[in-house]
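Visitor: Sequence:
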Amino acid sequence: MPERLAAYLGSKDHIMVLALRDGEVVGQVAAVIHRHPDMPDELYIDNLGVTPALQRRGIGRRLMDAVFALGRARGCEEAWVATEFDNRPARALYTRLGPVEDEPVAFYLYEL
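Residue numbers (UniProt numbering): 1 to 112.
Where hints are given, some of them may not hold.
[Said to hold, decoys possible] Below, a list of computed lysine to aspartate or glutamate pairs in the DMTMM-like style, where the Cα atoms sit at most 20 Å apart:
id, residue 1, residue 2
1, Lys12, Asp41
2, Lys12, Glu78
3, Lys12, Glu77
4, Lys12, Glu42
5, Lys12, Asp46
Hints were generated in silico from the structure; no laboratory data involved.
Please read these numbers as outputs of a predicted model, since none were measured by experiment.
Full structure from sequences and hints, please.
Guide: Take a look at the structure:
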């Protein structure tokens, strides 16, 4: 197992769910439990991907449902995800999942 994957999976606050087809990974979702000192824990969906040839067949939806269930089981009360504004397939999926409308936010990226 590659070192970064082993480190990721070694953290109790990291979650990864795989979709398999004939023993091959065809989709994955990675999430992190964001623990707060003053409010309920949240589930941050870090990455969702499905093999392009198998997209729009419900795999992404099933992966999201599974990671939501794992987040709930670990005490998270909310989940959040962000995607590029022009990523219409991802935005369509996330909209179908029935999110609570929220205000737009600005994200900032810093090189470390």
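Visitor: If a hint holds in the structure, say so; if it does not, say that too.
Guide: Here is what the structure says about each hint:
With a CA separation close to 14 Å, the supplied pair Lys12 and Asp41 stays within the 20 Å bound. For the given pair, Lys12 sits about 18 Å from Glu78 by alpha-carbon distance, which is consistent with the 20 Å threshold. Taking the CA atoms of Lys12 and Glu77, the gap is about 17 Å. The hint holds against a cut of 20 Å. Between the alpha carbons of Lys12 and Glu42 the distance comes to roughly 14 Å, so the proposed pair stays at or under 20 Å and holds.
Simply put, Lys12 and Asp46 have alpha-carbon atoms about 15 Å apart, close enough for the 20 Å limit, and the pair holds.
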